[in-house]
Amino acid sequence: MSRALLRSALELRTPAARLPPSFLLPIRARSFNSTAPIIEPTSSASASSHDAASSTIQPPSAETQRANSTLSSRSSTSPQTLYPPSPPPATPPVLSDSVRQLLPLLASQPSHYITVHIHGRPYLVTPGDAIRLPFHMPGVVPGDVLRLDRASVIGSRDFTLKGSPYIDDRVFECRAVVTGSELEPVRITVKKKQRTRRARRVRSQHRFTTLTISELKIKGVEEIAGEGSSA
Amino acid sequence: MSYFRITLHRSAIGLPKRTRGVLAALGLRRRTQTVFHPVSPDFAGMIMKVKELVRVEEVDRALTKDEVKASRRPERGFWVEKPVPR
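Protein chains in written order, with the working numbering: chain A, 1 to 231; chain B, 1001 to 1086.
Chain A extracted, bound-state conformation (with noise of 0.2 Å):
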């Protein structure tokens, strides 16, 4: 009797001493075997004009900001002339009346996962998750906002919308904030040479840019005909 209560006690003190380390918890493992992420600094040129200025509080006006893209060294294509967005279709398709009726029920319930497509590779996340692309996506720095407005399918507990393929891209509101990028564990190949004993090895490692989901909004059904009036 002493002794269970003695172990309870023990467990309530330590309650994490029985699980394994974080990194092999499922979760984690299942994860990118990757180093620690990397926030590329900002070039310290304009890092130190945005300093001065948010020091001072003026308004920046144009010549600064003709300054800070002279300055810093990759600002040359901003990110929103590298990344613009789609240029909405000319006749914007009407809602169908199941979309109608059920958009506000979908609405409702409390959570939503969405898959949305970044060149054309599938996504299925819910706001908060970290997703690594597959590739690094230049132009971007660490805090820039992403709208993705491609999505197949929206959902809930009970309701699902499915886009055919793509679901019109009113409907919803999905944003991403870009965390940094993740350097994969050095792959090294050893390219042999037939019959002799030539051998290189080659070293590859690759650089994969980290997104947050910060966002997913469902608009209703008045706000997305409000656009499309003001629009």
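No lab work stands behind these hints, which were simulated from the structure alone. Incorrect hints may have been included.
Unchecked claim - In silico lysine-lysine, BS3-like type, Cα no more than 27 Å apart, as pairs:
1. B:LYS1082 x A:LYS217
2. B:LYS1017 x A:LYS219
3. A:LYS162 x A:LYS217
With chain A held as given, fit chain B onto it using these hints.
Same frame as chain A, now just chain B:
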């Protein structure tokens, strides 16, 4: 002016030299390659010679190679809404 949009669907490996010659004359080198030729009896006859190998559509406008490639590329699916000041 309308065009034939011709896509090589089956390989010409193991086929007679005449057939390969017709494909070469159409400008088809590899499978799933797409070429555009104006609608004319010459090209219609060439397509008839290799009708088992190609898929043909009639289109209004000949696309360039870049346009064909762009039509196959999936959509980007994102745009930068708010970049951090840099």
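Do the hints match the structure? See the list:
| no. | hint | verdict |
| --- | --- | --- |
| 1 | B:LYS1082 x A:LYS217 | 17 Å, holds |
| 2 | B:LYS1017 x A:LYS219 | 62 Å, violated |
| 3 | A:LYS162 x A:LYS217 | 16 Å, holds |
Against the hints set out earlier in the document, a violation occurs for number 2 only.
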